[in-house]
Each structure stands twice: as C-alpha cells, then as structure tokens.
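Colleague: Chain by chain, the residues:
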Amino acid sequence: MALDKQQLEEMYRRMCRIRYFEEAVIEIHSSGELIGPAHPYIGEEAVAVGACTALEDSDRIAGNHRSHGHPIAKGGDVKRAMAEILGKSDGFCKGKGGSMHLADFSIGILGESGIVASSVPIATGAALASKLGKKGFVSLVFFGDGASNQGACHESMNMAALWDLPIIFMCENNGYAITTSYRNSVSVEHVSDRASAYGMPGILVDGQDAIAVWEATTEAVRRARAGEGPTLIEAMTYRFEDHSLGLDRIRKSAYRSQEEVDEAMKRDPLKIHRAAMMTHAFSTELECDEIENTVRAEIAEAVEFARNSPFPEPGALFDDMWATPVKNTPVSQSTRR
Amino acid sequence: MALDKQQLEEMYRRMCRIRYFEEAVIEIHSSGELIGPAHPYIGEEAVAVGACTALEDSDRIAGNHRSHGHPIAKGGDVKRAMAEILGKSDGFCKGKGGSMHLADFSIGILGESGIVASSVPIATGAALASKLGKKGFVSLVFFGDGASNQGACHESMNMAALWDLPIIFMCENNGYAITTSYRNSVSVEHVSDRASAYGMPGILVDGQDAIAVWEATTEAVRRARAGEGPTLIEAMTYRFEDHSLGLDRIRKSAYRSQEEVDEAMKRDPLKIHRAAMMTHAFSTELECDEIENTVRAEIAEAVEFARNSPFPEPGALFDDMWATPVKNTPVSQSTRR
Amino acid sequence: MPVKTYIQAIAEATIEEMERDESVFTMGEDLRQSVYGATAGLLERFGEDRVIDTPLSENGFFGAALGASLCGMRPIVETVTSFLWVGMDQLISQASKMRYMFGGQAELPVTFRIRMFYARGAAAHHSDRNYPIFMNTPGQKIICPTNAYDAKGLMKTAVRDNDVCLLFEDGIAISSRTEVPDNKDLPGGELLVPFGVANTVRAGSDVTVVGIAGGVQHALDAAKLLEPEGISLEVIDPRTLVPLDMETILKSVERTGRLVVVDPAHKMCSAASEIAATVAQDGFWSLQAPIQVVASEQVNVPYSPALEPLIYPTPEKVVAAVRAVLN
Amino acid sequence: MPVKTYIQAIAEATIEEMERDESVFTMGEDLRQSVYGATAGLLERFGEDRVIDTPLSENGFFGAALGASLCGMRPIVETVTSFLWVGMDQLISQASKMRYMFGGQAELPVTFRIRMFYARGAAAHHSDRNYPIFMNTPGQKIICPTNAYDAKGLMKTAVRDNDVCLLFEDGIAISSRTEVPDNKDLPGGELLVPFGVANTVRAGSDVTVVGIAGGVQHALDAAKLLEPEGISLEVIDPRTLVPLDMETILKSVERTGRLVVVDPAHKMCSAASEIAATVAQDGFWSLQAPIQVVASEQVNVPYSPALEPLIYPTPEKVVAAVRAVLN
Ligand SMILES: Cc1ncc(C[n+]2csc(CCOP(=O)(O)OP(=O)(O)O)c2C)c(N)n1
Ligand SMILES: Cc1ncc(C[n+]2csc(CCOP(=O)(O)OP(=O)(O)O)c2C)c(N)n1
Ligand SMILES: [Mg+2]
Ligand SMILES: [Mg+2]
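Residue numbers (our numbering), protein chains in the order written: chain A, 1 to 337; chain B, 1 to 337; chain C, 1 to 327; chain D, 1 to 327.
To be clear, the hints were calculated from the coordinates, so they are not data collected in a lab. Bear in mind the structure is a predicted one, so any value in this text is a computation, not a measurement. Keep in mind that the hints are not guaranteed to be accurate.
A few chain B residues that face chain D, going by a derived Cβ cut-off under 7 Å, partial list only [what the hints assert, rightly or not]: (1) ILE35; (2) GLY36; (3) GLY97; (4) GLY98; (5) HIS101; (6) GLN150; (7) ASN184; (8) SER185; (9) ALA254; (10) PRO312; (11) PRO314.
Backbone N, C-alpha and C define an ideal beta-carbon position, used for all residues, glycine too.
Sequences are here, hints too, so could you generate the full structure?
Modeller: The following block contains the structure:
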C-alpha cells in the first residue's frame, strides 16, 4: 500500500461525492423532476474510485448504464453531471444523453453505454489507438456480471490478449443482472476464472475495499503501460438500492432476500474506507467529517446549478449529429414542408 | 474402442464418400458449371465421420460454410447434395440454398450456415428443445477455429453449461480462418482450453483419426444423454485444399508454407482409417478397395443425377417463404404492376 | 364488455396459449420477476421449464429460441427494440432466411415480443423503432398492435403461426385501455385477429390517414381536433406491416383522394415511406394532392424532456399535414 | 486518361490516404492476403501496425475501430454486407448514436468498406443489400459509388470525413472500368468527390430514372435500349444516400414529369421507396404519371442460377417501367 494521506482522502472525497450525488438523484427522481431511468451506484463506490485512482487524467474509461459513479470517480464535474441528468443545456452532453450516457471526453471519459456490454469493444479500440499511435494511455472499462455473458466481452478480451493491448477489463460483480442472479447467469464460479481462456491474468478482488481495488488496478495499469497486455479484474460488490429508479414493478425482496441485503450492507465501502484512512493515514474523525460536509455542500450546489441551468432550445434538436456537415444532410421535415 | 468391422467400414465408406464428392465438386467447378463459392472438406473427413458415427439418426447436427462433409457424414443423400450444389430442383433445398446451405431435416441435418458461427446458437436451441420437451436427442455443432472467436460461441457455451444442455461443440481446428493463422486469431494455445471458462469438459483430439474423434464424441454423447451437460471437443485437423473454390486471388503458399502443407498431407485421414480397419478389424486391401470403388460409382451416379435434374421453374422464386401463408404476403412486383 | 390494458391483453394471450399448447414457452431477461410487466405470475403457473430467464446474451438466446422452434417448440421471446441490434445476426441470417434457404424445410414458430419505449427519457440507446428494418429484410411477419383488443388477438395468432413473428409493443399504446371481450362471449370461444387485414378505425371522407403503430393514436387525436371544422378523416391501422394490406389503403384513397401517413419511426426508408411510395405507384390516379408523411425527425432521439417530444409526430403535426393536403 | 477498375480505384484511394495521414490504418479479415482484392500490397508498404488482420469477431473489431477513432485514429474497415448483422450493435448503438448522445463530443472518422455480392450464387446468407437500414437509423453517411472515378473520389472524401462513413461496394459495379485521372493531371493534385451531390450520368427529357448503387448500370442499359425508339431517359446517380441530394432529382422530375427508381435492394422500405415517397410529397405537382419502383422482389435471394437473376432489377424491367410511366 503506497497511498499517502492526501490520496486516501481524495478517494474518500470521491466516494462521498458519488454517494451523495446518488442520494440527491433519488430524491429528485421521487419528486418527479426526473423521468428517465437512473441506476444508482450506491454500495459500489469503492470499485470506481479504487480503479480511477490508479489512472492518470489522460487514461480513458468507458462504462455502462450504472453510470454516475464512473465519471465522478474519474474526476467529472458533478454540476455538469447533474445538469445532464436533468436534461439541461449545461450538462456534459447538453441534455442529449441523460443519466445513462454521461461523458466528458476532455478528461478521458469516453462515455457510458445504455446497451449492456456495448462499450467494451469501444474501450478495446481506445487501447488499440494507444498502442498503434504510441499514445501511452491505458483504457479501462467497467461492466457488470450480467454483461460478462455478452459476446462483445469475449471478442474484446480475445483481441486485447492477442494484441497485448493496454486495457483493464473491470467487472463489477454485484451478484445480479436486474433480478437475475449470478448463479442463473454465469456458468462458472467467477467471471475472473474466464481470464485464463484468453491468456490474461484474472484477479478477484474485494470490491468494497477501495484500496484493494486500487492495488489490483495499479498492477494492471503497470502491466498495460509496460506493453504486457490486458488484465481482467473482478470486483465483488453489491448494489444497495434497486436496479433502477422507477422500476417499482419488481418486489424488492422477491429476488434478493432481506437478510442478504442486510448482510451486504454491513460492508459499506464508505465506512470501510473511512476506517482505513484512520488506520493507514491517521485521519481523524473530524477530518473525515469535514470531507463529508464539504462534499454535501458541493452536491447541494450541483443540484442548484442543474436546476437553474436552462433547458436546451428547440433548435438544438438538430445540432450535434454531424462532425463534418455537408450539403443535403437531413433537416427538419417541418422546415422542408 | 468398441467399433465392429461393419461400423469401421461404414466410417470408411462415408469418409470416401466425402472425399470423392469433393473431388467431383472441384472438377465441376473448374468446368464452370458451378459458379458459387464452395469450400472443400478434403483432409478433414475424419472429424465429421468420427463425430456423426457417435450419433443416432434422431440426433441433430448443424454446420458451417465448409459444408459438404457434415451432411454426408450424417447420412445425407449425395445425389440430392450434388443436385443442390448445382442449383437443381432435386437438391436438398430445391436449389435455393446451394453449397453453403445443405440441410435435410428428415435425418436431423438442421443446416449449414454461411455466416460463420451463426449456427452455434441454433444448435444450442435444438438442445434446449430436447431438454424442455424431453425428446432425448442430442445436438452437435461443427464450427472452425476462426469461428470460436465469435461472441455467438461464448454466449452459446455459457447457456449450454448453465442449463446442462445435451450438446457437443465440435471445433474443427484446421489452423486457419481463410488466410489468418490460428496464432493471429485465438489468444490461447487451444480452443478447448476455453472450456474451463464455462465449466464444461474441453477435449483435445486428433482430428485426422476418425476413431479418436468417435471415442471423444461418444463420451460427450453419453454425458449429454445422461443430463450431464455439454462438452467442447477440439479436433486438430488440416484443410488440404484452398479455402474456397474460386478464390484464386490468394497465392497458395503466401499464408501456408509448402512444407507445412506437405507435412500435414502425410496424415491423410483416409489412409489412417484404412490402416486402422486393417489393424482392428482385419479388413483386407481388397475389401477396402471395394469400398472405394463402390463409392466412386455412387458419386459418379450422383453427378449424373444432379446434371439431369431440372432447374427450378421461375415461379419457384416465390415459394418456400412462408410456413403459414396469409392474406397480403408480398408477391411479385411485376405481377402487381 | 371488460376493459383491459394492452399489457393485460398480452399477458392473457400468453397464458391462454401456454395452457392450450404444451410446446409454448417463454424466454427472455427477467421474465420471472416480470420487469416489463407482461409475464407476472407465469413462473408460479407454468414452472421453471416454461418461463426461462436467460443470461444477458441476446444473440445467443434469440438463436436458441429459433433452434428450439426448429425442433417442435414454440417460444415466446420478450425483448426491447434496442436489444435487437445485439441479436441481429440471428434475427436476419437465421430467422428471416432459414426457411427459404432450406427450400421450405424449416418451420420457425417463434414470437418475439418487442417493447418500444416512448417519450420517457430513455435516450438514443433505448428508443429505437426498428420495424422498417425487418420490412426490408423478407422472411418475418411484423405485427404492430395498437390497442388491447388487437394485442390479444394478434398475439394469439402469432403464437400459432409457423413463421417468425415480430410483435412490436408501442410505448405510446402500452398503457391504453380497450374493451376486450371475455372468451365465453365470443363465438369461437377465443379472440384471434388475422394477419394482413387492416382495420379502418374511423371512417371518414376527406383525407385517408394511415397510422403506423403508435401513430394510430395521433391520427385519431387529429381527427378529433379537426372534427369541429367539418374535416373528416378516415383513419386506417394496417395492424400488420408484413403482410401489409395495401388494398384497404388504396380503396380508401380512391374515395378521399388524399393521403397522410403517420409513423413514429424515423422517416427515411420508413413504413410510412413505403406506403407512400406504393400509393404513388398504384394509387396515383386517385390522388388529388401530394402525399404527406409525418414521421420522426431524422436525428437520434434526445434525452432531454425539452427536446424529446419535438422529434415525434404529434396530433398537431398531423393536423398540419392534413391541412397541407387539403390546400 | 487512364482506365481503372473499381477495385483499383479503391486501392489507390487507400494508399493515397494512408500516405497522406499516419493515423489512417486498415483493419478487417484477411486484408494482408487481400481476399477481396483491394488491400493487396498494403502490408509490404505500410507494415503490420497499419494493416491489421482481425479475428472473426465483427462486433468486436467494428467497435474497436470506433473506439480507436475516438482517440485520434482513422480506421478503414473492410467487410461484407452480410457480416454487418453480426456487428450491428456497434454499428447502430455506437457508430450512429454516440456523437449525438454525447452532445457532439465524439468524432468518429471511421470508413467501413462494405462489399455487396451480386448474382454469383452467393445465396441468401451472402447477398444482402442493407444500405436502406442505415438510412433509417440516423447518424452515418452512406456512400454508394457506382464507377471507379466516384469510388476513388468518394472514398478519399470518406476517409477525411469526421463521421462514420459506410461505403457500399456493389458487385454489379465492382469489375467495371472507368477513366480515372492521374493526380498530376488534376487541378488540386487529387481526386475528391463531395458528398450530397447527385450526378446526372445521362441527360434526357422524357423520364427521370434514378439508379441506386448497381441500379445506375441497369438504368443506363435501359436508356440505350430505348434510344432507338426515340425515348430519352435522364439517369441520375445520387452517389450518396445520406446525405441525399433530392434537389437534383426533383428538378429533373420537374422537367420530365415522370420518375422510375431502380434499386437492387429489396423493395419494402428501400432507398427507392424513400425517393418515391419524397417525390410524391415534394414533387407531386410535377408528376404526370405514377412513380415506378424497380427493386428486388420481396423474397430472400435464392442460390440457383435459374432463380437468382429473376429477383433483381434488369434493364428489361426498367424498360417495362419506363413504358408504364409513358402510357
Ligand atoms: C443488450 C441489453 N440487454 C438488456 C438490457 C436491459 N438491462 C439493463 S441493465 C441490465 C442488467 C445488467 O446487469 P449487470 O451487467 O450485472 O450490471 P448491473 O446492473 O448489475 O450493474 C439489463 C438486462 C440492456 N440495457 N442492454
Ligand atoms: C460472420 C462472418 N464473417 C466472415 C465470413 C467470411 N468467412 C467465410 S469462412 C471464413 C473463415 C472461417 O474460418 P474457420 O471458422 O476456422 O473455418 P474454416 O474455413 O477454417 O473451416 C471467413 C472469414 C463469414 N462467412 N461470416
Ligand atoms: Mg450486476
Ligand atoms: Mg479454420
């Protein structure tokens, strides 16, 4: 463990940022202000923060529908993230993407994907660009246990291993794909057991312990930068909330027993990290509280910012389709008529 | 080894049938009578015949573009196979499918697929039907080393293992996908090494030895029928001819050295089986020759049959689209006009 | 007559067909917990072998459904338009081609139930309306029920049909309620709606308005808006896009001389364009004005509630198109 | 002027663009041995890092090309229409949606070169003409060069374009030869053909015939067949389907009053139907006769040499359609 106090505190700050951000999203959703689906990351903060702490700003990440934690962990601006979720013009994507599609290319966040596993080949391609163009960055992709069964993962891992690409496949195994349990979805005990099928290391790590995730990722990043190729990391974690906001149809305890949920919630990644800060860096309760308070204020400010941000103008509907506009690209039918 | 003389001879008969059939196809192609692509199975006969000898008539197979060997090994009629390849009305598919799409549902041949790996999920579904409907048959799918990298294989193997389906995944590893070598295509030493990623047995077998393939398949069929689930078998083989007839653009020795081809051709599956018949069943040279002669006559007859078979009538263009015809299904534009 | 929601109708059709025929089973993601609403209670009723939760592998399990259908089973698969892309190889290379390619040997009695999300902030990744794509690739029947009655009757027909049926459930219609008769009150004891027969939802004399999927609702709303002005719209719901009942549409245009087609899918190469093109060919001499297509704007579906509604057809846009053809 | 084949033109464009810009590279199956002919010699010239043979994983490597393009590379991907189905999720969910969904942040300078087989017994699994599908899903530019000149000029434009470009290489045109000027004889020193500008391949006065992809050749052949009778066809090649130059088509119809559209793709929801529908809306008052669409019959492509030719448009079918609009 070679994280100094400042780093440990920054990790805690980001974990809190995700937690409070998600709490705010839940509140906003219940008020009816947010109509689209949103998938809370609460309970899994240690994975994104542990992983992203091992990365440089120039490194690239890509993610999935459970999509707020990854960009925040990579340093994304919570104001613009919240504005995006509310569909506002100051959002990361000017309101065009929303909750499932946060992206900030300027700091290496290549975007979250609503289609499960669909960003895995994209991240593999980013790693290919790094290798071909000798660009030196690594690529890291977050995907779920459910996603691991998609062909896209298989194809990407084979290519990455064949070509020694600088990529980390970070599987967030929270035990479920919506309501489908790991046992009914993956035919082996661990997703990381599949790494040997590609000839890459498969690392199983405690996903509630940000430091453990950081350690595993750091070694994978070292390998990647040294040209030694990809690593598959499986972080065992748990989603504390429902699969998605607004999916009220599913009875909560029908697919996860209350005991299981209670047991899992005892291992809150924020508490675990707070304790680790005290042990390893002698942070005080006061220091920890202060981080929490600062972040709470930050999130409140983000909500305020997002609420005040204007909705996009109607004309914006037709912007952002083409990078190279040319004659006769389609325009509004009503303009035409 | 528990194959009696009759069985060994039948295996030889089928291997010869494939070999001579393919030789006839090559000849026909060079005469310009056959315009579509066709992928000779020469050199790989032991795989299809070894595998199908372990199956019952009611068992199902599905295959790929290298497509003549599988149905013939399963007992398909060479007359109708040849007629299909010439696009004639007596063909398996009335001339609609052609070389890459031979199928005879009446004896469990669910069809070859021109899209690589695309029949793997289909065969998995056949196995699912067997299990759900307690139908007792097993399903076996042939696919190449190149195909093994398709996501369809990953998804199918995971499902088959999860659900203990009665299926055999038979990978014909001939070392190449068109011109792309195994080493440039699959990131581990053997496709069968990937079986452990699904929790199923992975068996590596000499694909030039029909008896070895039969033995491995027999055990896999036993497992399947007993409800113990799927098996992945990798048969190491070699294609003696070009990837496809008509693909003259590729210089033969550019991707496979002449030495490699010569070396591989020393292990001709027909010669190996002929020797085994003599050793295990005391077949005589004369008996073996007689099989060969009978099959040669059979193939000559098939060519004759195919040549004499009429082409489909123009009106046949609109047949065979719908199993349940209803009002207003699309008809010919010219009729309409 | 009892009033039911669209989803109730689908659920009833599923249960009735599963009870009628042992080879019918359902497969898809999270069916047992019924994430999309139509499979609630099936597990308890029919057991694990007939209500199969699949791994997240659309290409794999679409193909598995097709393979099972080749061997005597009749799967009902539940999914969402946007997940079809993942399984497209099985849907096109196998589902739509296998029967013809094998000279008619294959029977593929699979019904895909495909949800189309609508105007709820699902964003581009979850907002596809891709039925026109399957119209372009021959080999599947394409069914777009727009109310609970048709949903039940067409779904039951689909399950009994021996071809691959893609049944698109439009989010625009999904929460609508319609009268659906009880089986005991029906002559044959059950509700079956045939394929290839358009439904003239509303008779009218001035303009023929064909609604595709959720577009039927917009057309009906427009008809109501125009009624006070004495403008009479004939609203036609083709119900199935393959087979497509052009005859009913052409006959209507013969009387009205004017055609508007409303389609919530993207405009280019849409079902609406297809119908317009066919009328411009086969019904040209009936036309007294340009054909108007009201479809989604040719951009991706945006997330923001300030933008999303702008992309879709609305009753107001239909009204504008009707006025255009009347001038 | 030197005469070149279509494939030579594509090869020249590839080499010129790879020489001009280090970030351009090619990837696909069996490129090094050049199974489809256009990548011969690239390996020797540009080395292993710029001529990448991929595993058989279309979804995976299409996505990898897209991901690489997000990070400053400009991949040229080679494939075949029918293999697009396998990679459809990356092509639609990512290629066509990413830029818009991310509010314009993404630049995706990828060119997909997509071969369409034609009338050589490839059978249903290898005979797709799926450009209409990408017209329906907004976000990509769709390019259909029909001769060597355009192949080179449009391909070079595509490689420099910062959007995803799908360049469909029609087997009908692939072995054709056209004059292609040497760079030294060109004013700017190179051949670039702009997107969105239709080419009036042949001027005429009686009927406007729009040819899509290989349909242009059939239209020209029909024009020759009708010339002796004094029937004059104006043949228009849109060259790109997205963007689509409807203006040129509408202007021509204004003069001729008659439209035939020839498209070797399946008819329903085709590019041909789209053009017909648009003219029926925006050019209606110019029309003096029904619009005729000549496209592939709505069945799968059969293998048999006795059947395959029947499915496609032919010059004779175009002639019949022309006669129909003239009566
Ligand atoms: C291709 C595809 N299929 C289905 C869905 C619907 N869906 C959204 S999230 C999800 C479960 C994902 O599970 P997992 O990968 O484990 O991620 P988690 O939600 O547990 O974080 C499903 C099935 C989808 N978005 N994309
Ligand atoms: C999805 C798809 N991609 C590419 C092709 C073109 N293709 C036909 S055969 C082949 C190689 C297949 O290799 P393998 O699976 O090893 O089988 P083999 O030909 O060696 O028997 C390729 C790339 C195809 N038919 N389908
Ligand atoms: Mg999960
Ligand atoms: Mg091979």
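Colleague: Now look at each hint and say whether the structure bears it out.
Modeller: Quick rundown of the hints versus the structure:
no. : hint   : in the structure
1   : ILE35  : holds (5 Å)
2   : GLY36  : holds (3 Å)
3   : GLY97  : holds (6 Å)
4   : GLY98  : holds (3 Å)
5   : HIS101 : holds (6 Å)
6   : GLN150 : holds (6 Å)
7   : ASN184 : holds (6 Å)
8   : SER185 : holds (5 Å)
9   : ALA254 : holds (6 Å)
10  : PRO312 : holds (5 Å)
11  : PRO314 : holds (6 Å)
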